[in-house]
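Sequences and hints are given; from them, build the entire structure.
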Amino acid sequence: MDKKNINHIIQLSKELRWQIGDDFHDHLTEGIYADAAQIVNDSVRLKNGKTTNRLDQKIDAIVTSKIWGFPIMFILLGLTLWLTIIGANYPSALLGHLLLDTVHPILKQGSEVIGLPFWLDGFLIDGVYLAVAWVVAVMLPPMAIFFPLFTLLEDFGYLPRVAFNLDHLFKKAGAHGKQALTMSMGFGCNAAGVVATRIIDSPRERLIAIITNNFSLCNGRWPTQILIATIFIGAVVPPLFSSLTALLAVIGIAVLGMFFMFASSWLLSKTVLKGEVSTFNLELPPYRPPRFWKTIYTSLIDRTLIVLWRAVVFAAPAGAVIWLISNIEINNLSIAFHLIQFFDDFGFLIGLNGVILLAYIVAIPANEIVIPTVLMLTVLVTGIDAGVGQGVLFELDSASATGAILREGGWTLLTAVNLMLFSLLHNPCSTTIYTIYKETNSVKWTTIATLYPILLGLAVTFLVAQFWRIF
Amino acid sequence: MEYNPLWALSIFLILIGVLWWFFQPNKGWFWQLKKQSRINEKIIIEDILKQLYHFETSSQKVDMKTLIQVLNYSNHKLLEALNVMGIKHLISNDLNAIKLTESGREYALRIVRVHRLYEKYLAEKTGFHKTEWHEMADSMEHHLSHEEADLLADQLGHPQFDPHGDPIPTRSGQIAEILGTELHLLPIGTVGHITHIEDEPEVIYKQILAENIHIGSLIRVIESNPTRVVFESEGEIFKLAPVVAANLTITLLSAEGDTQQDIARLSSLQKSEKGKIIGFSKEIRGENRRRLLDLGFVKGAMVDLDLVNPLGDPNAYAIKGTSIALRKEQADKILIEKIES
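If you're matching them up, the sequences are chains F and A in order.
With this note's numbering applied, the first sequence corresponds to residues 1 to 471, in that order.
With this note's numbering applied, the second sequence corresponds to residues 1 to 341, in that order.
None of these hints come from the bench; they were simulated from the model.
Predicted model, so just to flag it, every value in this text is computed and none were measured.
Every residue gets a Cβ at the ideal spot worked out from N, C-alpha and C, and that includes glycine.
Computed footprint of chain F on chain A; a stretch qualifies when at least three of its residues, placed anywhere within it, have a C-beta under 8 Å from a C-beta of chain F: (1) 6–18; (2) 121–129.
Below, a sample of chain A positions facing chain F; criterion: calculated Cβ distance under 7 Å: (3) Gln160; (4) Glu287; (5) Asn288; (6) Lys299; (7) Gly300; (8) Asp313; (9) Pro314; (10) Ala325.
Sample of chain A residues with no beta-carbon within 12 Å of chain F, all distances over it, derived: (11) Trp21; (12) Ser37; (13) Ser59; (14) Ala97; (15) Thr101; (16) Leu152; (17) Tyr205; (18) Gln207; (19) Glu211; (20) Ser224; (21) Thr227; (22) Ala241; (23) Ala246; (24) Ile339.
What follows is the structure in structure tokens.
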């Protein structure tokens, strides 16, 4: 074809486009969809005229009813968390006994036999091995219980109803109802919660869910909260009420986390995220009996092991760093000691101390090792004899013995309260940060998701500390 | 200095106050300064051109006074800009009226084209709220060249109207005509479509948005007098003050019998009723429109209310054998015909 003809065709198409008008595209797509629907109607026969299942409707009528909808939700969530926290204690103790109390001494003996130099033995066995073993012992059992339970509920078809019931609340914060699910998943593990946001297909709401997932207390933080609440908050009231008070304090922190989640969602949707496309749809699939074994298998492989592997990869260097900073000495004092002194003033300003701040920096890879690190550093600073070597992570069997060490380290009720707040409001662990980067593929959102909670945490602990001291 | 919690607290609060003062949305100093630093002669000239064009299309005469009233620049800057415009032959300066020259009109048309194209882009491809489109397009119109505007038009499928119903000029200056009358001038009983919603002034535009009135909707005037205008649309009754009604343009239906009386919004469907989908409002745009089609909300599909939410919103609708939850503002924009079952 010669050039003149082509130009003529282009000219003609422009004119025709003008004549067809603006609604042409919409009408065309809608027409195609309507035709497709017509073809389905003509060629697909349903066995019985009814398309919806009567049993489904009965279940839906109960789980989305005004009276029963919310109690059922809270009971199921509470039950899942209770099973996870209580149920994980036994296998955790068992794993701890095996990896920390049995294998660790054997390794130490082994290295002595083959004559490893002091520094290599400490670096590898007291540093790397111990941190990894700790993370596995604390992290694996709760995840192995929580994720299958959660996946069973998901498979049964109940979770979309939760999103349905709660969407109105989340909508007010500019978020999607399904964020209720990713938030609950975050109670197990934030990294898994971030991966779970894939169920939200609206870009803006998905980013909100990713950035605010850190406000769900994860498995690595529940034990810290429970331990500190038992030692310090429980001690404020008569012994009869102490365990109840401690429990209420931990629940209070979790609820505070939800409050921050809603407030931050609202703030994000009104500011940095307002330009992202926002859509909504929520399908309520029919109920079906969960495929028990398949669910157990996939949740263990897909969720538990992947997350555990990432945590191990990050925990190993952290263990090395912890051992190194407490064993390398400058002017006869360990690096850890210098760092703690450096952080002490700022720590005091926000009602914490240098030990806690340093522990949170070296324990970025895993929240699980915060308490062991705090104990180790406190012993290092105060010079108490806890029966272990310098830079070796440890934990004590009784809460009161732990409390004694912490009080020796200068802890007060304010320190405990602020530690609980800071444990809720600080940067996500490195596994989660890495996962956020993988999911969003954006340095910008990863940075915001990392810095926003820590800034919030510093502000909140600062304010609490000042008001505490004034009154 | 000795540590004192009161001091620490006050310093912190002052710091927060200063930061807020600097960075508070829109009014913050930082944003004001940023805005000020961007204003230069080019922007003033383009703003004047656009104003002149709008006055010309509504056949009003313009002099210095009206320009000063409409544009928010100092007299000195305006005069300077007009001077430059005269030298560049963008305007012919009569004694009593300022007029656009041919090249001036062309320039103005490009600004208008970019502004409306960009509003269309914001509506289709981003999540910014309707109330923000205008201001964002106002700053963007100064930054896009002819070529970039063409690229944008290409991506958007060469739209003829912006999301408010204003025509978008083509590069060659072709412009679709709005045939219509302002709502408050229509006699009782008139039936027509809303083809244009004016987005200025903002106060009135926000009022229209709050009323949940959608562009493209079919309406019938029920009452019209100097105190209020009442009309019926999609099964709902709307009452507006005449000032507000004047910002809605209605195109009358040419053919009789096209006046379907039983159109309703999906959100009004009750548990015992059945509906047949007629179509979507034009307000469902971009990604949202495609998702709804994907889920089976297509012309002719039967729909009924499946589950009522314990908190009132969203409700789940049974369509094509599945149950899909939609928020009220979505269900508001899906039009159905109620069918006796």
